[in-house]
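Asks: The primary structure of each chain is shown beneath.
Protein chains: 2
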Amino acid sequence: MQQLVSDLVQGNRRAAARLISQIENDDPEKRELLKDLYPYTGNAYVIGVTGAPGSGKSSLVDCLLQKIRADGLKVGVIGVDPTSPFSGGAILGDRIRMQEHALDQDIFIRSMGTRGSLGGLARATREAVQVLDAFGKDIILIETVGVGQSEVDIVKTADTTMVVLTPAAGDSVQTIKAGIMEIADIFVVNKADLPGSEKTVTELNLMLDMKDMGEWRPPVHPVVSVRGEGIKELWDALLEHRRVMEESGKLYEIRKERVRRELTEQVEYLVKDRIWNQVKAQISLDSLLENIVLRRKDPYSTANEVLEEINFFGEGQ
Amino acid sequence: MQQLVSDLVQGNRRAAARLISQIENDDPEKRELLKDLYPYTGNAYVIGVTGAPGSGKSSLVDCLLQKIRADGLKVGVIGVDPTSPFSGGAILGDRIRMQEHALDQDIFIRSMGTRGSLGGLARATREAVQVLDAFGKDIILIETVGVGQSEVDIVKTADTTMVVLTPAAGDSVQTIKAGIMEIADIFVVNKADLPGSEKTVTELNLMLDMKDMGEWRPPVHPVVSVRGEGIKELWDALLEHRRVMEESGKLYEIRKERVRRELTEQVEYLVKDRIWNQVKAQISLDSLLENIVLRRKDPYSTANEVLEEINFFGEGQ
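Protein chains in written order, with this note's numbering: chain A, 1 to 317; chain B, 1 to 317.
I should point out that these hints are in silico values taken from the structure, not numbers from a laboratory.
All values derive from a computational prediction rather than experimental measurement.
Just so you know, nobody snuck in bad clues.
One copy or two, it doesn't matter: identical chains are merged, so the pair holds either way.
Straight-line distance between alpha carbons at most 25 Å, and here's what the computed DSS-like set of lysine-lysine pairs gives: (1) Lys-280 with Lys-256; (2) Lys-256 with Lys-297; (3) Lys-250 with Lys-297; (4) Lys-272 with Lys-35; (5) Lys-297 with Lys-35; (6) Lys-199 with Lys-211; (7) Lys-272 with Lys-297.
Using the sequences and the hints given, assemble the complete structure.
Replies: Okay, structure coming up:
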């Protein structure tokens, strides 16, 4: 096992930070590192927190951090902003507030932004969760700004997903995006001291009552995160969802599905790596590309020819 | 050649609409259709229009449509909203205004949203451009809401990209996202009758002067799209960019790069298709997945084992 992973497993914060940077930079050693730390993962419970900008996610996460620490659990936070190309620092507006936790050795906070692509961000988030899991965190919170499909992809990594709304007009229950509705295990109506909050809670409950939810009907929790109100009840709901997920076997199912996606990606990574090495060694793509640009060939038939050329389909074909 | 493609090439609107729907639905026939229409593509000039919500992209596109049609050119518009799961209809707020062009047979307007993933949306947009190109459009406008990395991926399909700003405080030049700055070939300061518009133009120009831009230094065009002011100058700038791109050989280079990505994707599609067919036929993944969930194995080594099992690495390995 490599030194960095061994340091991580022993609780070295700098090792955790360095590993996440290597993941973000798509370091060539990355796969080897993730392989080494894999046996130490699988213990953390992962909670996704998503909601529109201004819904008070950060102060909510702040409150949850205090509650989780008061229960004696170790916690990691990954703040993900799909709209920002920056990472490593304080990208989410009020991340600075979290600095107050900086001296607590059992809290680890990290922000991530899009470097290359959104697909890459979802992958980096998954891998950062692996790092914090092996690092010994009991709970990992993934906080992401809600801007569409991107956060849906990101929260797929979570065991339990909270969607945060506010009573403000713009967040009217009618405007909740289709994809968001389906990922929510728990709804939080934050800033519940604002006018209209009871109406928002009622509307959400009505909407949820109309749907067939299976074994888990998402509860709706009013919270005033700046005053810490409703946090205990919310935490209890999170624990309850976890218990139901574990007892029904659902947690095992979603984790197996996640493993299936991971194995699929790894298989495809190895395949692509080998195929392109063979192509580069045997074929000059330049004249093929020129022929496609000039419409003498099309990319679909040419793809077939390239693979025939490296004998990918085997002798028998 | 299939009937649908032959109808498309002859200018049948319903064929165009149906082909784009098949692309969006990832129809199994899709690749065959794209292959058949490929020889008819490569003639359209593709212009990307991006900017924050509220920057008046739609009315700007509206004005450009009128100008392009007045010049006797045929035009297609693809409206892309990465934050919306809907498509086919009027997703962008004021798309309805465009209905006034509905009777003009030489204008084709289509909206697209995210179905599955953002990666899928960028691909579907590229393929819809191919359809409209084969359909005989001279100019194709891709209009996308600016929400981060997603629109950067989408405008990669464009030959020329316009970034639309407004003089409003929130769009201050300082807040332009890094990625957006780099994709702009032309800046439009829309709503240029609002206070602060000259300051925005000046700031943009100062910022552009500080950078080394190579052979093309993006111009900044003040426009009042609701009154059609500045549209002629903007259109001339678009034509000028196209001319410079063509004469410098840059257009050929970016189109070749685009073909390279397309060929790469097609090769990988064929490879994955075959590999997973072999895996499914020869290996029961279920027990492997269980072992990975239980941390008896890791996904990285298992990926290798799966490929050895189907003899992907060949006899010699």
